[in-house]
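A.B. asks: Residue numbers (the numbering used here), protein chains in the order written: chain A, 1 to 475; chain B, 1001 to 1200.
Hints listed in this document are in silico derivations from the structure and should not be mistaken for laboratory results. Check before you lean on any hint, since a few could be wrong.
So, partial list: chain B residues that the calculated Cβ filter (under 7 Å) puts toward chain A [stated by the list, open to error]: (1) Met1032; (2) Lys1033; (3) Leu1182; (4) Thr1191.
If you want the footprint, here are the derived chain B segments under chain A, 3+ residues with CB under 8 Å [stated by the list, open to error]: (5) 1069-1078; (6) 1109-1117.
Cβ coordinates follow ideal geometry from the N, Cα and C atoms, glycine included.
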Amino acid sequence: MAQSLFEKVWNAHAVRQLGNGQTQLLIGTHLIHEVTSPQAFGMLRDRGLAVKYPERTFATVDHIVPTNEMTEPYSDALAQGMIEELRKNCADNKIKFFDTNTGQQGIVHIVGPEQGITQPGTTIACGDSHTSTHGAFGAIAFGIGTSQVRDVLATQTIALNRLKVRRINVNGKLRPGVYSKDVILHIIRLLGTKGGTGFAYEYGGSTFDNMTMEERMTVCNMSIEGGARAGYVNPDATTFEYLKGRPYSPQGAAWDEAVERWKSMASDPDCEYDDVVEINAAEIEPTVTWGITPGQGVGINENIPAADEGETQSERDSIAEALEHMQFAGGSPVKGKKIDVAFLGSCTNGRLSDLKEVAQYIQGRKVADGVQAIVVPGSQVVSQIAVELGLDKIYKDAGFEWRGAGCSMCLAMNPDKLIGDQLCASSSNRNFKGRQGSPTGRTMLMSPLMVAAAAITGEVCDAREVFGVGAAVTV
Amino acid sequence: MPSEPIKQVAGTGVYVPGDDIDTDRIIPARFMKCITFDGLGEYLFYDVRKTEQGEDKPHNLNDPRFQGASIIISGSNFGCGSSREHAPQSIMRAGFKAVIAGSFAEIFYGNSTNLGVVCVTATDADRKVLADAVEMNPQLEITIDVNDHKIWFGDQYITCDMRPGARSSLLKGTYDPLDELLEGAEQVNETAAKLPYMSA
Ligand code: SF4
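One chain only, chain A, in its complex shape (with noise of 0.2 Å):
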């Protein structure tokens, strides 16, 4: 019978059915970081257990890492006290650990793949909700708690509900100056922010498949944003030339294995879903989140809605709170708000395409006075590589703080947090209340394209008419 990824992945991996119902599933790459691991090495010494495949775990440090500090000690003496532990439990359990000093350190969610470790047709977890992101490959990844992250030390196994899969075809050529982030806002808006909920998101149609490696790890990221546990892209020629040559990749005749091994894990054409859903490439525009989840998003040309055009109360309730903390007026233009920080990095998108597409534009600009502009490579390959081609200096003549890999401003946990209610472009993947570290910050989720151009003008804008990327259009 036909069958989607997602079923022959799981069918691979389940190991028996517990007494719930759940599944017991093997775990064939553990990826840790200091923030949700320390607990789990602690539950483990309390029961006396071993680390049982301590070559599938890979660990790093992203969260707690000050991106404008390198030398340790650290001047916070709990983020010194984290990556120590980690460091620690990875030497005391043989785990191999992408330190500060190995030049490979960086976003767990950036350096799998960079590595080669996230392949396609395995199963992945991590302490860590974007965990989404390596689906791009055709893995079937989940976000686990640390309670799991013990479970897969223990057991190279976790207990799970089988998900149902939707497949979203997006068909079409997107339009110049339209992203992969557009095309994930603009499905989190249609379907909502728990749309996904119990479901893994297949993405497919022409669309994905002209799309790069990281345009698709871009969109896999946030399929938890819409509620979807997993998020995947089958894999394809471009996948097996992405891995092809990396650390981690198969070398040599077991490449080849490997890679016919992958194909056949590819969904069969004919199998079926449980839901598909349709989307035209050339309907998504430039989308920009006005309010505090990642679904309360518009195109920008758009205006921000009103709260009594919620259709039910509880979506007007939303939308008046979220109209409260971002100081908007409901029915206002999303263009011309005036920002005070623009942050291009993260998960979603601090990967090497994301800062060349943005460096050929800002070439000879500068960001516009007031606003604070920082640039987080997502790890320390990518900004290895993007000092190699110049792209720093660029950025530094543009005004543009040039950063250490890290989580940075994605999150409140290390030095770099908004202050007070300033309001932030951000390329991240969360708008959350006091995501950014103020409880009153505000963040607008964009892509880099347009974090640029906001950080340029001062404003939320039409990157495409800042920049002229092809023929601006006017609604």
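Place chain B with the ligand on chain A using the hints.
C.D. replies: Relative to chain A, chain B with the ligand alone:
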């Protein structure tokens, strides 16, 4: 080490209004710089409860009438966002045993159940009846019957739902799955041996 079965949760309630209560709101990231979960209870809903100056905001969670509550009543998509187990840990360590919501985000639901924090869903209309009753009488005893899918308060009840796996593991006391997972070790090895990338 099977845990105590959880057939019922009883206590008073507190209403935390709003949909999409994300885990950053339940426990802001800046309080996650820790290597144990001890003490997280103190920071539950910190920015919802406190101003930037650290003073109490007017909120049910600060209202003396609802002190000692052990059941949270909230909106839809509760626990969305980050996978941090710090969220249900802080809920549990602040003395809460259950959350009644319109719906839950997936990872939060699993994390909570593993800890024995009972998560049940009820309709908007039913949760409103319950929240209004709690507002009228903060000392109202609420009993969630896990087996029966009912939430009793005073002489009325509303029906509630939970995921089948969660219900059975709470009733059997197997909600922490580690022991059962460990028992499958041999089958795990067999499954791994069939996967070229794991056995290589
Ligand atoms: S960049 Fe942001 S979303 Fe990604 S792992 Fe770091 S904190 Fe999480």
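A.B. asks: Now tell me if each hint is right for this structure.
C.D. replies: How the hints compare with the structure:
1. Met1032: At 6 Å from the nearest chain A Cβ, B/Met1032 passes the 7 Å test, so the hint holds.
2. Lys1033: Hint holds; B/Lys1033 Cβ to chain A Cβ min 4 Å, cut 7 Å.
3. Leu1182: holds, 6 Å
4. Thr1191: holds, 5 Å
5. 1069-1078: holds (count 3)
6. 1109-1117: holds (count 4)
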